[in-house]
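A.B. asks: Listed here are the chains, written in short residue letters.
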Amino acid sequence: MGGFLSFVKKETLHIVRDRRTMMIALLMPVVQILLFGFALSTEINNIDFAVTSPNRTEAVRRQVERIAANPYFTFKGYIAPNEIDNALRSGRADAVAVFADDYDRQTAATERGEPAEKAVQLIFDASNPNNAAAGAGYMQSILLAGRQTGAAAPETRLLYNPQMKSAYNFVPGIMGLIFILICAMLTSVSIVREEETGTMEVLLVSPVRPIRIIFAKMIPYFLLSCLNLVSILLLARFVLGMPMSGSLAGLVGISLLYLMLALALGLLISTLANNQVTAMLISGMLLMLPIIMLSGMVFPIENMPGILQGVSCIIPARWYIEAVRKLMIEGVPFADVLREVLILAAMTAVLIGVALRKFNDKLE
Amino acid sequence: MNNDPIISVRELSKRFGSFVAVDRITFDVARGEIFGFLGANGAGKTTAMRMLCGLSYPTSGSGTVAGFDVMRQGEQIKRRIGYMSQRFSLYDDLTVLENIRLYGGIYGLTRREILRRAVTLLDRLQFRREADTLVGSLPLGWKQKLAFSVATLHRPEVVFLDEPTGGVDPVTRRQFWELIYEAAAEGTTVFVTTHYMDEAEYCSRVSIMVDGQVRALGAPAELKRQFAAGSMDEVFRTLARGAKRTE
Amino acid sequence: MRTLCVLLEKEFRQFLRNPFLPKMVVIFPLMIMFVIPWVTTMDVRHIGVSVVDNDLTTASRRLIQKIDASDYFTLGSVTKDFGSSLTQIEAGDADVIVEIPDGFERSIAAGAPEKVSITANGVNALKGSLGTQYMVQTVMQTLAELRGEEGLPAAADLVVVENRYNPTLEYRNYMIPALMIMLLIMICGFLPALNLVGEKEKGTIEQINVTPVSRLTFTLAKLIPYWIIGLVVLAFVMLIARAVYGLAPAGSVGAIYLAAVLFILTMSGLGVAIANRSETMQQAMFVMFFFVMIFVLMSGLMTPIESMPAWAQWITRFLPPCYFVEIMRSVYLKGSLIAELWTNYALLGVFAALFNTLTAVTYRKQA
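Protein chains in written order, with the working numbering: chain A, 1 to 364; chain B, 1 to 247; chain C, 1 to 367.
Since the hints were derived computationally from the structure, they do not count as laboratory data. Ideal placement from N, C-alpha and C gives every residue a C-beta, glycine not left out. Treat each hint with caution, since some may be false.
To be verified - Chain B is faced by these chain C residues, among others (derived, beta-carbon under 7 Å):
1) V6
2) Q141
3) T204
Hey, can you work out the whole structure from these sequences and the hints?
C.D. replies: Written out as structure tokens, the structure reads:
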């Protein structure tokens, strides 16, 4: 046991002495959670629109004012019909509302119940389809509501996230990403580096069992990650104002489980990679990409084709993020995330098993 | 041939913060000499050598190598020297011939000249069959000999060797020193650090560094007389006893 | 010049001899182009709807039918009280609740319809807001139809929407140019940095430092291979985009390549500058990952810059990929001309110059 503790101490010294790396490992998550937590949002807002209207009648001007008054739209001025394409292509406007030259006559006709068409044409830059779809929806409702007496626009409201702060959405995702990156990357690289410099062999001939050496390497990183967990949870609660309405103990528990999983993943990577560059690339690119893409962090899982939904099931971050969303935002009792906990626990067990086996194979 | 010393160092110092790695060293090296630069680990040998090669700026003092100032003319010096560091530094993932071509090209030798010298070099080392072997798969002793030959490929005026025979078996060390003699015979000045005292005996002159300072300087025979010692090893131990720095 | 050639030859040989890198440079783009476009759909479909029908009339049933028939919605259940619909949201079975008020049908006939209320789950902000929006349209349309049947004027056709540049509203088309950028960030930012720190750790860089090779030559020899690889990879993925997704640039390939060259210069310059300032691989990688994460997540690649708060939008002005994202999407989808996007090109050029100067300045042969 004494041997084991001295190894833990040695590893801790390594980390603490490499001050730059330690600062990065501790500060990076803080910066990222703040930056992404506040900045990332898929909300639709601010559509710049221009208007084409051959004769700017009073009715047209009133409609334009109504659209401009909506917080989603910013009025960029009147333009000539031949400028439409240029305005959209150069990005000066995201949408152009084209009022027909007989707009007044047409609207009057519809009031009388006569058929009319194309009083207004809305041309949207649909390169971002969601912006276009939502923008077209809003603008249509505004235009219709502006002149129709009989139609009442429905009342709308959002639950849980009434101010539509997307921070709520991305914080769990960022947690899922950061923990894996930091833990897996740090452990895998530190193990591979010892192998590269040959110091690992010295350790392995010592009377301490190899498995203990590995745990000794992982404990300081686990503690470092716990510090990160604490700082992220504090930031999420007090700076980002996450509700944390669920069980806090549950949240911490599942996060610790996830950290262990990440460390096991790091160990596994270290057995696969024979130099630091490879370890970095595997733990960085090959982990980062699926987590950002397939875990539901940014892109909704239910939109993916069946095969990829299947693939997303083996990505641990998916389950962690789902559980954190439930616990942090929806505030469900811990029992409701039992499924996620069990899946993560099973994954951790498998990863540790495989990693240790590979590690032993490598020793022989 | 001019008779100015090829390396001339006056009061050269290097400080890292409050730590004085090299403390006002002064010495000259004549052309064609094999100059042994001795000292225990941490005595400041490598730091001093790095300053002479233009890898590191001196904190104070002055020095010239091949007539150029180490403070301001590092790049001119680099054209005229060869260097072999204590870490093996040829490219493991290139073949023997590719490494030779790379360094020949870097020093501006023509393609034909590189080929000619490569053949001579490989013959001398009896490496012909290994020309297309990856350097990473050669045994250490071979690598060291190759590294030396590559460092002198462009016929530098001085070649700096930083513990070139560390970790090499006695037979290979012997062969290595033969290479050094051949280079010296062709007129290259050799500046070599080592802590094998038997190797010190092979040098024309040696200096011994302790705690960043040069404590002894002269031909091996002279030094043995001066310290009334039977071997360089004894000279060294007498001097090293007073060392404050240990690694 | 000859020195540069010799060093370039060395870099290419080392690259090709690496057991991992050449494979990565091929497999990584393939993975990104074949798998990721299927993932990055933010098309909001299959929105689960739970209806609370307090009216139970023909009109309310008509609205329910309308919702059921829509592509966007999946009608889950029709309940009698808000509470049970709410439970469904909590269980994740529904995203939107539509509550039809009592007396809905009567009020239409009277010409002053009672308001339908729409409640959405806001945990997924995009789904919440788009779902609400689609639902509003569905309700308005149904109302207009019902009014028409009552003999009141219908107004639905008054406004026509044209979705220019991406008429089918395919989200994939929006993402593919951005994915190409992500690829270039990774290949041209990471690999040169790794390569350089690798030489530092092995000590081979010191052997180069005692030779007369100039800083510029050495740095160029490190960068040029990745510029070439980046440009080749870009051509490769553009061909894939065309062959697999039928997405060809609407604008000129030259405009894309000009921007790509500037961007690749910027990223590789940054990578090498970081490597120059790092002592170990670990440090270099961490700093690089930090930047890459910010670039990937903040530059409008994944989420629109316009949705960010003002201060974050201000930060994005200092992120070179932002300008490239803008150029790629505009040229690819809208066929924008260089002249129309010249500020983006100019800023990208400034970044390229800046980062490459930084690279040359931070590389020290002598310490």
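A.B. asks: All the hints need checking, so say for each whether the structure fits it.
C.D. replies: Going through the hints against the structure:
1. V6: holds, 3 Å
2. Q141: violated, 67 Å
3. T204: holds, 5 Å
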